[in-house]
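A.B. asks: Sequences are here, hints too, so could you generate the full structure?
There are 2 protein chains.
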Amino acid sequence: MNLKIALAQINFLVGNIDANVNNIIKAAHHARDELGADLIVFPELTITGYPAEDLLLRADFIAAANNAVYQLADSIAGITVVVGFPELDGDKLYNSAIVLHQGVTLACYRKQALPNYGVFDEQRYFDAGNEPCVFEFNGTFIGLTICEDVWQEGIIDANKQAGAEILLTLNASPFNAGKIHQREAIVCRQIKAAQIPLVYVNQVGGQDELIFDGASFVSDALGEIVFRAAEFEEQISVVQFVDNRPLKGTCAPLYNEITSEYKALVLGIKDYVRKNGFQGAILGLSGGIDSALVLALAVDALGPDKVEAVLMPSRYTQDMSIEDAIRQADALGVRHHTIPIEPAVNAFTDMLADVFSGATPAKDVTAENIQARCRGVILMAMSNKQGKLLLTTGNKSEMSVGYATLYGDMAGGFAPIKDVPKLLVYQLAAYRNTMSAVIPERVITRPPSAELAPDQIDEDSLPPYSVLDPILERYVELDQSAEQIIAAGFRREDVERAITLVDRNEYKRRQSPPGIRVTSRAFGRDRRYPITSGYRGI
Amino acid sequence: MNLKIALAQINFLVGNIDANVNNIIKAAHHARDELGADLIVFPELTITGYPAEDLLLRADFIAAANNAVYQLADSIAGITVVVGFPELDGDKLYNSAIVLHQGVTLACYRKQALPNYGVFDEQRYFDAGNEPCVFEFNGTFIGLTICEDVWQEGIIDANKQAGAEILLTLNASPFNAGKIHQREAIVCRQIKAAQIPLVYVNQVGGQDELIFDGASFVSDALGEIVFRAAEFEEQISVVQFVDNRPLKGTCAPLYNEITSEYKALVLGIKDYVRKNGFQGAILGLSGGIDSALVLALAVDALGPDKVEAVLMPSRYTQDMSIEDAIRQADALGVRHHTIPIEPAVNAFTDMLADVFSGATPAKDVTAENIQARCRGVILMAMSNKQGKLLLTTGNKSEMSVGYATLYGDMAGGFAPIKDVPKLLVYQLAAYRNTMSAVIPERVITRPPSAELAPDQIDEDSLPPYSVLDPILERYVELDQSAEQIIAAGFRREDVERAITLVDRNEYKRRQSPPGIRVTSRAFGRDRRYPITSGYRGI
Numbered sequence: 001m002n003l004k005i006a007l008a009q010i011n012f013l014v015g016n017i018d019a020n021v022n023n024i025i026k027a028a029h030h031a032r033d034e035l036g037a038d039l040i041v042f043p044e045l046t047i048t049g050y051p052a053e054d055l056l057l058r059a060d061f062i063a064a065a066n067n068a069v070y071q072l073a074d075s076i077a078g079i080t081v082v083v084g085f086p087e088l089d090g091d092k093l094y095n096s097a098i099v100l101h102q103g104v105t106l107a108c109y110r111k112q113a114l115p116n117y118g119v120f121d122e123q124r125y126f127d128a129g130n131e132p133c134v135f136e137f138n139g140t141f142i143g144l145t146i147c148e149d150v151w152q153e154g155i156i157d158a159n160k161q162a163g164a165e166i167l168l169t170l171n172a173s174p175f176n177a178g179k180i181h182q183r184e185a186i187v188c189r190q191i192k193a194a195q196i197p198l199v200y201v202n203q204v205g206g207q208d209e210l211i212f213d214g215a216s217f218v219s220d221a222l223g224e225i226v227f228r229a230a231e232f233e234e235q236i237s238v239v240q241f242v243d244n245r246p247l248k249g250t251c252a253p254l255y256n257e258i259t260s261e262y263k264a265l266v267l268g269i270k271d272y273v274r275k276n277g278f279q280g281a282i283l284g285l286s287g288g289i290d291s292a293l294v295l296a297l298a299v300d301a302l303g304p305d306k307v308e309a310v311l312m313p314s315r316y317t318q319d320m321s322i323e324d325a326i327r328q329a330d331a332l333g334v335r336h337h338t339i340p341i342e343p344a345v346n347a348f349t350d351m352l353a354d355v356f357s358g359a360t361p362a363k364d365v366t367a368e369n370i371q372a373r374c375r376g377v378i379l380m381a382m383s384n385k386q387g388k389l390l391l392t393t394g395n396k397s398e399m400s401v402g403y404a405t406l407y408g409d410m411a412g413g414f415a416p417i418k419d420v421p422k423l424l425v426y427q428l429a430a431y432r433n434t435m436s437a438v439i440p441e442r443v444i445t446r447p448p449s450a451e452l453a454p455d456q457i458d459e460d461s462l463p464p465y466s467v468l469d470p471i472l473e474r475y476v477e478l479d480q481s482a483e484q485i486i487a488a489g490f491r492r493e494d495v496e497r498a499i500t501l502v503d504r505n506e507y508k509r510r511q512s513p514p515g516i517r518v519t520s521r522a523f524g525r526d527r528r529y530p531i532t533s534g535y536r537g538i
Numbered sequence: 001m002n003l004k005i006a007l008a009q010i011n012f013l014v015g016n017i018d019a020n021v022n023n024i025i026k027a028a029h030h031a032r033d034e035l036g037a038d039l040i041v042f043p044e045l046t047i048t049g050y051p052a053e054d055l056l057l058r059a060d061f062i063a064a065a066n067n068a069v070y071q072l073a074d075s076i077a078g079i080t081v082v083v084g085f086p087e088l089d090g091d092k093l094y095n096s097a098i099v100l101h102q103g104v105t106l107a108c109y110r111k112q113a114l115p116n117y118g119v120f121d122e123q124r125y126f127d128a129g130n131e132p133c134v135f136e137f138n139g140t141f142i143g144l145t146i147c148e149d150v151w152q153e154g155i156i157d158a159n160k161q162a163g164a165e166i167l168l169t170l171n172a173s174p175f176n177a178g179k180i181h182q183r184e185a186i187v188c189r190q191i192k193a194a195q196i197p198l199v200y201v202n203q204v205g206g207q208d209e210l211i212f213d214g215a216s217f218v219s220d221a222l223g224e225i226v227f228r229a230a231e232f233e234e235q236i237s238v239v240q241f242v243d244n245r246p247l248k249g250t251c252a253p254l255y256n257e258i259t260s261e262y263k264a265l266v267l268g269i270k271d272y273v274r275k276n277g278f279q280g281a282i283l284g285l286s287g288g289i290d291s292a293l294v295l296a297l298a299v300d301a302l303g304p305d306k307v308e309a310v311l312m313p314s315r316y317t318q319d320m321s322i323e324d325a326i327r328q329a330d331a332l333g334v335r336h337h338t339i340p341i342e343p344a345v346n347a348f349t350d351m352l353a354d355v356f357s358g359a360t361p362a363k364d365v366t367a368e369n370i371q372a373r374c375r376g377v378i379l380m381a382m383s384n385k386q387g388k389l390l391l392t393t394g395n396k397s398e399m400s401v402g403y404a405t406l407y408g409d410m411a412g413g414f415a416p417i418k419d420v421p422k423l424l425v426y427q428l429a430a431y432r433n434t435m436s437a438v439i440p441e442r443v444i445t446r447p448p449s450a451e452l453a454p455d456q457i458d459e460d461s462l463p464p465y466s467v468l469d470p471i472l473e474r475y476v477e478l479d480q481s482a483e484q485i486i487a488a489g490f491r492r493e494d495v496e497r498a499i500t501l502v503d504r505n506e507y508k509r510r511q512s513p514p515g516i517r518v519t520s521r522a523f524g525r526d527r528r529y530p531i532t533s534g535y536r537g538i
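Protein chains in written order, with the working numbering: chain F, 1 to 538; chain C, 1 to 538.
Please keep in mind that the hints were generated in silico from the structure rather than gathered at the bench. Don't take every hint at face value.
No copy labels: a pair is met if it fits in one copy or bridges any two.
DSBU-like cross-link-like pairs, simulated, lysine-lysine; straight-line CA separation at most 30 angstroms [stated by the list, open to error]:
| no. | residue 1 | residue 2 |
| --- | --- | --- |
| 1 | K179 | K92 |
| 2 | K92 | K270 |
| 3 | K508 | K263 |
| 4 | K248 | K306 |
Keep in mind the model is a prediction, meaning the values are calculated, not measured.
C.D. replies: Structure below.
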């Protein structure tokens, strides 16, 4: 038998049921008319987007999603459609995949494996299905699965046992560095064991902290990938099956890790700005490496005309910082303004002189924070006035140890590199410069500094990033104990200093804007710690 | 048979295993020596505190908790102890209750019903047990249950079937208005049906957003409450059972709803400050009702010497606001400072004049936000300098519709009345004045105003709170649709305005400090919405 299956790797908007339905119809018609597809498969929870979070607890939302599916059935002819939706049955809600064929439901599958770890909370919303679902289509038996189903042992096999000759999987599998290799390896190992070909369709796009990377694929019954869609892009493709075997198609090459991280960050900024209706983005440009990278990312995401940079020097800002910031803005063709912060800093210093007179210690971070917060006020005023999103430029190393000022440099609606450790910031900057040299070499080579005090450098307060970053990775991402990290060869004092700072700064992270998840454990919905805590990691 | 069971309603610190173990030992010895108890029952997950969130994913933390239990067994003699802990068994983790008797484990029960809704994420951490656990103690058969177990149908009954004559329940049941009545009604209805007496021990204390209200109780086999511990206080008590019947003891009276909310807020502030090691609290005092209430709560929680108020008038501040603020501070015996914000506002206005020249609209919220943010900078500087927690004073109505300035009046480490709707703010203020008149009548009767523009009042931008609050309750807490709310008698334009504002302002709420949950649906861990969302509630 001959069967053409389309993979609809599309960027949906969470919550916008009407728009999503229109996109489904458009894609189905395109697949039918341009690609000659018999069947088109969409990502997990197509109708609502993923993750819709507590919208799924709203009766009106669920009713709208269920009604949309039945309208959809009547709106598409000449091609069979597999879409995901939150299926309401009595007082139970399932994460389901439904097969619509000429106005009729051919099959409806309820997801069995509901992930409730990491960034996933599916058991908060859904009841689990308890059986495979295989339907006949043009003489072929096709099994349905949804995302986590094909990561767990047993469900692929159960589909084969139930008679499936081809397996479809609807996915909303979020990106992190290396995830695509892990995903293909785990899924294809099971496919090979069960000896059944697979059509794997993944969502693409940015949704708050999460990036869905697409890279939908088709595997043959030997677990060999015979087709792969592009990463980080929308793509509707078709794969032909002859006698239940997929014909070899185009396999988009996989990006290396740095490239994929860069592309994920660009997509994350682009979608946050676009989906939330901002006019563009604005950021403070310090002459340092973090804001240099964020500027480049923002320009690559939005174009130079949508991005604005603001230089806000103080008495501690070195001339080379100003020079380098201006060179970056010019190299990227971005409009920039210079607003020295001294008048506001002086105003606050005078206003607080009375209440601070005699306070001990006379010198502390208070004065540094006032500078950072004056910059926050300026940037937010410009953001408010122009309807542009303020991007905050802090990296994951800073977020981990709290080396940032709440309401100061942490101010902003979105934190693109919040999950990017400092050493990776340098790698990404170097990678960006291979496309075109937009970040001056000096920005990359000079010792990092917050420039909030005379001759200040980060290493005055923190271990060098070459030491700090691996400690943080072990503590934050891998949940290793202090003793384990020390045993791995790090100095006790560095480990204890780093861990103490991570433990103490949960309150800051709780108020930070969302950022793009690129590691396997991001702050936010991924790493959920109490603020009030007597736990001491050392 | 004669049996004395102690109820240990204690305030534990999440994560501090050593301190919690010491508190358990101290309480057990007290119950043995002073109260003559045979058995003492502690709250759910005693060893770690509740909820420990992702600390439960740390191998070092789980190992420490399990080791602590075995040390505990050896540290207590002459009284049998029932404590909760995260029980590790191979690669599975259970929410367990263990019975320690003279160094030996008498029984260990694994919680069967793991709540994963509302503020609960137990399926993120735990595997579920699958059977009741009944142990013999001094000739009596005692069943063990944990919190959610006694809310679900069937588990109490299964204990009775398994031979239990008395049931123990270890709980970490968080407060919200009316919760205690719901809790006692649901649990006692099942107790009455199963005809088995119950010892219900609840945690007490504040933990970030959650308040545990204590009110531990003992019910006889008829579902009649024969003993109740105080709400919102630590208490170790003993109840005597004769022939498996509890003797009548002291039943602490239940507070009415307003009183219980007030006490919850006081406890929440007290524990957040104490458990996080702050020197005291500071807040901006505007002369309005919100900051007036927060000031009174803070003084009742911490004492007047630990609280500092700051008046920050602008050109839009009315004289009566300053007068009333000073009267409040004086009435409560709190030190206050006055720092006019004009110099900083003027500095920013001048600094931004060039970039804003020709901007349209020339007048918008930007100027209002600059004022609010100048206040934020001042308060944070004082908080930084003194190590005092900045309390932000916004209420739930404002948080819902975004009528607040990010990094401005929203700045702070803790938001005590974040879950208190405006109308309830008035009720709580009136309640506080019945104890002593500390909030001037004029503060209660004048129309609420942000005082960020000439002659501004809240009703210029929002429906009156008498209309807004019930709409918000229906939309935010009850998940009703616009059509349902309109059908309940509200004007379409008010409903649509309110809902649109709620939908649009998720990004602000995501960066707001944690606050105390007093309703059945608080923003934060309770109501989890995407920021990027195409859902429109209207």
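A.B. asks: Now tell me if each hint is right for this structure.
C.D. replies: Right, here's what the structure says about each hint:
no.: 1; hint: K179 x K92; in the structure: between (32 angstroms within a copy, 25 angstroms between copies)
no.: 2; hint: K92 x K270; in the structure: neither (36 angstroms within a copy, 41 angstroms between copies)
no.: 3; hint: K508 x K263; in the structure: both (28 angstroms within a copy, 27 angstroms between copies)
no.: 4; hint: K248 x K306; in the structure: neither (41 angstroms within a copy, 73 angstroms between copies)
Violated hints for the displayed structure, listed by number in ascending order: 2, 4.
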